[in-house]
Amino acid sequence: MSGAWFVFTRLARDRSALLGLALIAGLMTAALLAPVLATHPDDVFELHPAQRLKPPDRTHWLGTDRMGSDVYSRLLFGARITILIGVIAVGASLVIGVPIGLVAGYHHGWFSDLLMRVGDIFLAVPQVVLAIAIAQTLGPSLPNVILALSATYWPWFARVVYAETRALQKEVFVESTVALGASPWRLTALHVLPNIASPIIVRASIGMGFTVLTAAALGFLGLGPPPPTPEWGRTIAESREFLPAAWWYAAAPGVAIFLTVMGFNLLGDGLRDVLDPRIRRRLASDG
Amino acid sequence: MRLVALLLYRLAWFVPTLLGLLAVTFVISRVIPSDPVALVAGETATPAQVAALRHQLGFDRPLPVQFIDYVGRLARGDLGTSLYTTRPIVEDLAHRVPATIELTLVAMVVSVIVGVPLGVLSAVWRNSFLDHALRVLTVSGLAIASFWLGIMLQLLFAMRLGWTPLNGRLSGFPPHGVTGLYVVDAALARDWATLGTALLHLALPAATLAFPALATLVRFTRAGVLDVIQSNFVLYERAMGLPRALIIWKYVLRSALTSTVTQIGLLFGILLAGAVVTEAVFDWPGIGTYAVNSIIRSDYNAVMGFTVWAGAIFIVVNLLVDVAHTVVDPRERIA
Chain C
0 MSGAWFVFTR
10 LARDRSALLG
20 LALIAGLMTA
30 ALLAPVLATH
40 PDDVFELHPA
50 QRLKPPDRTH
60 WLGTDRMGSD
70 VYSRLLFGAR
80 ITILIGVIAV
90 GASLVIGVPI
100 GLVAGYHHGW
110 FSDLLMRVGD
120 IFLAVPQVVL
130 AIAIAQTLGP
140 SLPNVILALS
150 ATYWPWFARV
160 VYAETRALQK
170 EVFVESTVAL
180 GASPWRLTAL
190 HVLPNIASPI
200 IVRASIGMGF
210 TVLTAAALGF
220 LGLGPPPPTP
230 EWGRTIAESR
240 EFLPAAWWYA
250 AAPGVAIFLT
260 VMGFNLLGDG
270 LRDVLDPRIR
280 RRLASDG
Chain F
0 MRLVALLLYR
10 LAWFVPTLLG
20 LLAVTFVISR
30 VIPSDPVALV
40 AGETATPAQV
50 AALRHQLGFD
60 RPLPVQFIDY
70 VGRLARGDLG
80 TSLYTTRPIV
90 EDLAHRVPAT
100 IELTLVAMVV
110 SVIVGVPLGV
120 LSAVWRNSFL
130 DHALRVLTVS
140 GLAIASFWLG
150 IMLQLLFAMR
160 LGWTPLNGRL
170 SGFPPHGVTG
180 LYVVDAALAR
190 DWATLGTALL
200 HLALPAATLA
210 FPALATLVRF
220 TRAGVLDVIQ
230 SNFVLYERAM
240 GLPRALIIWK
250 YVLRSALTST
260 VTQIGLLFGI
270 LLAGAVVTEA
280 VFDWPGIGTY
290 AVNSIIRSDY
300 NAVMGFTVWA
310 GAIFIVVNLL
320 VDVAHTVVDP
330 RERIA
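Chains C and F are the protein sequences, given in the same order. Numbering (numbering that gives the first Met the number 0) for the first sequence: 0 to 286. Numbering (numbering that gives the first Met the number 0) for the second sequence: 0 to 334.
Honestly, I wouldn't trust all of these hints.
[Unchecked claim] Not close to chain C: a few residues of chain F, all C-beta gaps over 10 Å, as computed:
| id | residue |
| --- | --- |
| 1 | G19 |
| 2 | Q65 |
| 3 | R72 |
[Claimed, not checked] Listed next, the in silico SDA-like pairs over lysine to any residue satisfying Cα-Cα at most 25 Å (straight line):
| id | chain 1 | residue 1 | chain 2 | residue 2 |
| --- | --- | --- | --- | --- |
| 4 | C | K53 | F | A157 |
| 5 | C | K53 | F | G264 |
| 6 | F | K249 | F | G264 |
| 7 | C | K53 | F | L152 |
| 8 | C | K169 | C | A196 |
| 9 | C | K169 | C | H107 |
| 10 | C | K53 | F | L160 |
| 11 | C | K53 | F | R159 |
| 12 | F | K249 | F | A323 |
| 13 | F | K249 | F | S127 |
Quick caveat, the hints were computed from the structure, so don't treat them as lab data. By construction, the Cβ of each residue, glycine as well, lies at the ideal position given by its N, Cα and C atoms.
With the hints as constraints, model all of the structure from the sequences given.
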């Protein structure tokens, strides 16, 4: 608890990290309280053809879309999908990547090399390219987007955990734990893992931003959850034929994506500064 | 001799990585789908047609045999046939490569020419107004969805102001040329009018594509210069009374850029991934648009062909960057 408090007070001193935290808090609030905050909560599914493409006014804060639905309300419900995709995809990548990184980092031998090489293949190709192939094969749906993103993101965690585990093996405390007769299982779970938590947390935050961007690109390409899901990327794709007149329709979801990704990136950078003392020292000398 | 050994080592990893990529695409295309043949045959095919196609494609054989066959065909440059254009996918891609190369090259050049000096200035005048403004720019560049940036640029510059064309690569006939890069061909043919339109068509997509790469470059250059500027050799040069501009722009920059070279691979990844969506937004007739159109048409073969092709190109570029880095920076040879 005191550790979390320490991190939080340090973060609070860093203006950009605080901004990131505020943006994410805003996103979470939007997602959790979407039915309350939305001015037209039924507009995710309801159509109002008479209200088509109205510019922003007092009843429709961000205007209406091609179906006459409230853009603002759909945006809030879209935040739920964004968070759902991000949290599950990054979570699954953690669950796959961290154990692989630990095992490959702890054992030395051909099996470890093989595990890391398999990861390298995924890292050798831009994520969106492989995700497109997977999502296209499985068909456009929410679970498939999440699957495509998890399948392509786990090597980042494996990489980080592998490198940190290898570095820790030279530490005296690991050596003494081994000397005390601790099993490999006990050593990794109780001694190695807590010591490499910081880089994992940082990578998870940056990964959230990255995943949200890739998910939006998949949605834009028509590989995301099908309509009438208010997914942000798909909404931007839908809005294109009504430009330049209905500018609000295209602008709103893009700004939402931008703020979300920026929030996770700023928080990730801030966490790295706080959690990694080596970089902190460099920043201090940087003036 | 060490250098040769190292290059051979790097090359030795190239083949397994490429085979690994093929294994991944093989799994995606043949193992994950419940019936890959039905995917290839399309939704309107009858069960008899699917069965015939299954035998014709060899999908009724054991998976390992299929994989060897798959690798063999790819090694001969056969990516399969597009279901939509009914032409070999390799031909479709080759036809569209120049457009993508032109766009990517221009974006890369723009991001280097603009990004490196900005990164240096940002480091030299750290915590100045410029540094803070550039930090906002780099943070934005990494957070913005490039397809949305492209659409907003279209909205402003093409639709509202009418300064640039909305999309496409050229409005008239393409210049007669050899390279397939319209800008180069037009310049070689001294066709200045065509060169002008080609450049105007390039402006928005290149800016869209360059922005995230630019942000990355500013960030890396800044960090690199800050690292170097504190080293002893810079202190020595200062003590020797060398002009500050000479120290910064010649010695510091050269040293800082050695580490930036490794980032070219990363930069290329950003550009390649960005090209897919950017081309789709601007109807740029390159491989990205081809991939996106294939997705829309459920042209499953073409999507897989694109994946293999893009992955292979990416691995080759990274190999070249590795080799270049080893040659440029002698310190790399020790590792």
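The hints, checked one at a time:
no.: 1; hint: G19; verdict: violated, 4 Å
no.: 2; hint: Q65; verdict: holds, 16 Å
no.: 3; hint: R72; verdict: holds, 18 Å
no.: 4; hint: C/K53 - F/A157; verdict: holds, 23 Å
no.: 5; hint: C/K53 - F/G264; verdict: violated, 46 Å
no.: 6; hint: F/K249 - F/G264; verdict: holds, 24 Å
no.: 7; hint: C/K53 - F/L152; verdict: holds, 22 Å
no.: 8; hint: C/K169 - C/A196; verdict: holds, 18 Å
no.: 9; hint: C/K169 - C/H107; verdict: holds, 14 Å
no.: 10; hint: C/K53 - F/L160; verdict: holds, 23 Å
no.: 11; hint: C/K53 - F/R159; verdict: holds, 19 Å
no.: 12; hint: F/K249 - F/A323; verdict: holds, 20 Å
no.: 13; hint: F/K249 - F/S127; verdict: holds, 22 Å
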